[in-house]
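These are the residues of each chain, in order.
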Amino acid sequence: AQRVTQPEKLLSVFKGAPVELKCNYSYSGSPELFWYVQYSRQRLQLLLRHISRESIKGFTADLNKGETSFHLKKPFAQEEDSAMYYCALSGNAGGTSYGKLTFGQGTILTVHP
Amino acid sequence: NAGVMQNPRHLVRRRGQEARLRCSPMKGHSHVYWYRQLPEEGLKFMVYLQKENIIDESGMPKERFSAEFPKEGPSILRIQQVVRGDSAAYFCASSPGPRGRNTIYFGEGSWLTVV
Chain A
1 AQRVTQPEKL LSVFKGAPVE LKCNYSYSGS PELFWYVQYS RQRLQLLLRH ISRESIKGFT
61 ADLNKGETSF HLKKPFAQEE DSAMYYCALS GNAGGTSYGK LTFGQGTILT VHP
Chain B
114 NAGVMQNPRH LVRRRGQEAR LRCSPMKGHS HVYWYRQLPE EGLKFMVYLQ KENIIDESGM
174 PKERFSAEFP KEGPSILRIQ QVVRGDSAAY FCASSPGPRG RNTIYFGEGS WLTVV
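So the protein sequences, as listed, match chains A and B.
Position 72, counted from 1, in the first sequence is what my numbering calls 72; the numbers after and before it change by one each time, with no gaps.
Quick note, my numbering runs 113 ahead of the 1-based positions in the second sequence.
Incorrect hints may appear among the rest.
[What the hints assert, rightly or not] Listed next, the in silico BS3-like pairs over lysine-lysine satisfying Cα-Cα at most 27 Å (straight line): (1) A:65 / A:9; (2) A:73 / B:157; (3) A:22 / B:157; (4) A:65 / B:164; (5) A:22 / A:73; (6) A:9 / B:157; (7) B:184 / B:140; (8) B:164 / B:140.
[Said to hold, decoys possible] Facing chain B, from chain A, some residues (calculated, C-beta under 10 Å): (9) 36; (10) 43; (11) 86; (12) 102.
Since the hints were derived computationally from the structure, they do not count as laboratory data.
We put the CB at the ideal spot given by N, CA and C, even for glycine.
Work out the full structure, taking the sequences as your base and the hints as a guide.
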């Protein structure tokens with residue numbers, strides 16, 4: 001069974017501080033990992049996918065297969081980063097259920113001025 | 114491209130009534146997914162449809178819930194005889210196809226409240 005765990009429901013930091021949102025996963029094969037962001041009652045937007053190895057809005061995430069983690073990091077948080085962040089896993093990348101994602105419970109990030 | 118469109122955005126139903134949620138995928142997308150977000154929980158996969166076919170409904174409750182994606186028109190998630198526990202946000206997503214590195218795009222969600 002595949003599972004995604006985001007241990008922190010709430011995370012508060014001050015503007016300019018580093019931020020790390022934790023994500024651990026459980027999957028027996030080779031998963032594809034994503035981070036989605038949801039601003040207040042808006043649609044989920046794809047922030048990052050591990051295969052792209054890119055940086056979006058200053059955020060990066062590295063897949064650590066040894067620790068089965070995909071933590072999201074940003075060195076200097078901004079107030080506009082305040083949102084709900086979801087880590088998600090696709091266990092059938094390239095297969096017939098690509099859009100079938102398993103989501104973590106989400107972390108609400110609040111960046112204080 | 115208008116993106117994935119969901120309506121209604123907010124729906125209030127009394128217990129026992131039916132709820133119909135609509136999803137129009139992005140232009141050119143023929144694959145639709147429905148997810149449910151219960152209060153205080155993450156999103157849970159419900160069903161994956163292609164035009165006129167249900168591909169994976171492993172996340173659908175066995176009773177009262179059904180989904181369709183007809184040849185013409187939007188995908189519809191139908192909940193019969195709603196109960197308070199059905200109150201949730203229902204998100205639709207679409208993709209152009211299942212294979213390769215396609216990204217799925219989410220709609221803004223439909224918030225169902227059962228009173």
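Hint-by-hint comparison with the structure:
1. A:65 / A:9: holds, 23 Å
2. A:73 / B:157: holds, 25 Å
3. A:22 / B:157: Holds, because 19 Å separates the two Cα atoms, which is no more than 27 Å.
4. A:65 / B:164: violated, 36 Å
5. A:22 / A:73: Distance ~9 Å between residue 22 (chain A) and residue 73 (chain A) Cα, so the pair holds.
6. A:9 / B:157: holds, 17 Å
7. B:184 / B:140: holds, 14 Å
8. B:164 / B:140: holds, 13 Å
9. 36: Residue 36 (chain A) check passes; min Cβ-Cβ to chain B is 8 Å, inside 10 Å.
10. 43: holds, 4 Å
11. 86: holds, 6 Å
12. 102: Constraint on residue 102 (chain A) satisfied, holds at 7 Å.
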